[in-house]
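Colleague: Sequence:
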Amino acid sequence: MAFLEPAAVPPQSWRAGLVPNSARLVVKGVEVGTAVPWDDKMRLHVWVAGELPAEVFALRESMSTGRQQLAIAAHETFVGMWSIDEISTNVATSVSTAMSTFVCYVPRYEGAAFSPLPFDIDFDVEGSPNPTIVHVGSRTSRGPSVRIAPTLRLFARATLMMIDQVDTVSQSFRADAAVELRLRGLASYPNEAHVTQLLGQYGMRPDMLDFLNVSEFQMGPERWQVFGKSFVPGLQDYILKIRAKAT
Numbered sequence: 001m002a003f004l005e006p007a008a009v010p011p012q013s014w015r016a017g018l019v020p021n022s023a024r025l026v027v028k029g030v031e032v033g034t035a036v037p038w039d040d041k042m043r044l045h046v047w048v049a050g051e052l053p054a055e056v057f058a059l060r061e062s063m064s065t066g067r068q069q070l071a072i073a074a075h076e077t078f079v080g081m082w083s084i085d086e087i088s089t090n091v092a093t094s095v096s097t098a099m100s101t102f103v104c105y106v107p108r109y110e111g112a113a114f115s116p117l118p119f120d121i122d123f124d125v126e127g128s129p130n131p132t133i134v135h136v137g138s139r140t141s142r143g144p145s146v147r148i149a150p151t152l153r154l155f156a157r158a159t160l161m162m163i164d165q166v167d168t169v170s171q172s173f174r175a176d177a178a179v180e181l182r183l184r185g186l187a188s189y190p191n192e193a194h195v196t197q198l199l200g201q202y203g204m205r206p207d208m209l210d211f212l213n214v215s216e217f218q219m220g221p222e223r224w225q226v227f228g229k230s231f232v233p234g235l236q237d238y239i240l241k242i243r244a245k246a247t
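Under the numbering used here, the residue at position 82 of the sequence shown is numbered 82, and the numbers go up by one with no gaps.
Just so you know, the hints here were simulated from the structure itself, not pulled from any lab data. As the structure is a prediction and not an experimental result, all values here were calculated from the model. By construction, the Cβ of each residue, glycine as well, lies at the ideal position given by its N, Cα and C atoms. Be a bit skeptical, because a hint or two may be false.
Label-pair distances were calculated between CB atoms; the ranges are [claimed, not checked]:
id	residue 1	residue 2	range
1	223	109	25 to 31 Å
2	124	227	35 to 41 Å
3	103	200	17 to 23 Å
4	178	24	44 to 50 Å
5	90	178	49 to 55 Å
6	191	21	27 to 33 Å
7	137	30	30 to 36 Å
In silico DSSO-like cross-links for lysine-lysine, where the CA-CA straight-line distance does not exceed 30 Å [as the list claims (entries may be wrong)]:
id	residue 1	residue 2
8	28	41
9	229	241
10	229	245
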């Protein structure tokens with residue numbers, strides 16, 4: 001079993017609580033509420049008290065644009081991962097307290113109003129290497145909070161079923177092989193739609209798994225996804241699988 005993780009990212013311990021009305025949808029500087037159609041100028045503004053520590057900016061600089069995300073948990077409206085557009089901090093003065101602002105892109109949505117995700121995300125489940133999908137309202141002991149979104153961690157297993165042809169001239173071989181990627185502790189209950197939504201916020205799809213350097217498929221590739229009991233008590237792993245016979 002191999003452990004896979006994105007390129008080295010500085011660890012981060014920063015998180016901040018959210019007070020009421022500290023997250024709002026804004027279009028061209030005007031707060032619009034949630035009962036409005038999507039607009040390409042729409043942004044989510046999130047305010048947190050205090051100046052941001054250096055580790056937040058170090059993490060931001062270490063990641064590609066597509067992965068710079070703010071994670072919001074236990075919020076009644078804006079739970080999820082939000083791609084960061086801007087970060088700013090107002091330094092404390094004699095008449096005001098320090099305040100930091102995250103300005104995030106709002107993904108396109110259909111209809112006349114913004115709809116919250118149908119689940120919550122817990123980033124602090126003991127033993128889970130990944131954010132965990134939980135039922136809305138199940139984190140009653142904790143208020144809304146924000147942090148820089150953690151990377152997903154995948155555990156990989158490759159199985160070579162058979163090699164039935166080797167071509168030394170073309171330096172190729174034909175094999176029956178299978179690969180499994182396991183997202184441990186990803187959910188507290190099995191719901192394919194909810195997992196797909198969470199992976200989508202990371203820019204992933206369940207069908208993205210593929211074989212490289214293949215000249216011809218003799219069988220497949222077959223792809224499927226299943227839930228499996230996690231080694232973290234009470235949680236479910238989400239498993240991406242692919243199998244093919246190919247040259």
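Colleague: Hint by hint, say whether it matches the structure.
Modeller: Status of each hint after checking the structure:
{"no.": "1", "hint": "223 / 109: 25 to 31 Å", "in the structure": "holds, 28 Å"}
{"no.": "2", "hint": "124 / 227: 35 to 41 Å", "in the structure": "violated, 22 Å"}
{"no.": "3", "hint": "103 / 200: 17 to 23 Å", "in the structure": "holds, 21 Å"}
{"no.": "4", "hint": "178 / 24: 44 to 50 Å", "in the structure": "holds, 47 Å"}
{"no.": "5", "hint": "90 / 178: 49 to 55 Å", "in the structure": "holds, 54 Å"}
{"no.": "6", "hint": "191 / 21: 27 to 33 Å", "in the structure": "holds, 30 Å"}
{"no.": "7", "hint": "137 / 30: 30 to 36 Å", "in the structure": "holds, 31 Å"}
{"no.": "8", "hint": "28 / 41", "in the structure": "holds, 6 Å"}
{"no.": "9", "hint": "229 / 241", "in the structure": "holds, 16 Å"}
{"no.": "10", "hint": "229 / 245", "in the structure": "holds, 28 Å"}
The structure is inconsistent with hint 2 alone, although it conforms to all the rest.
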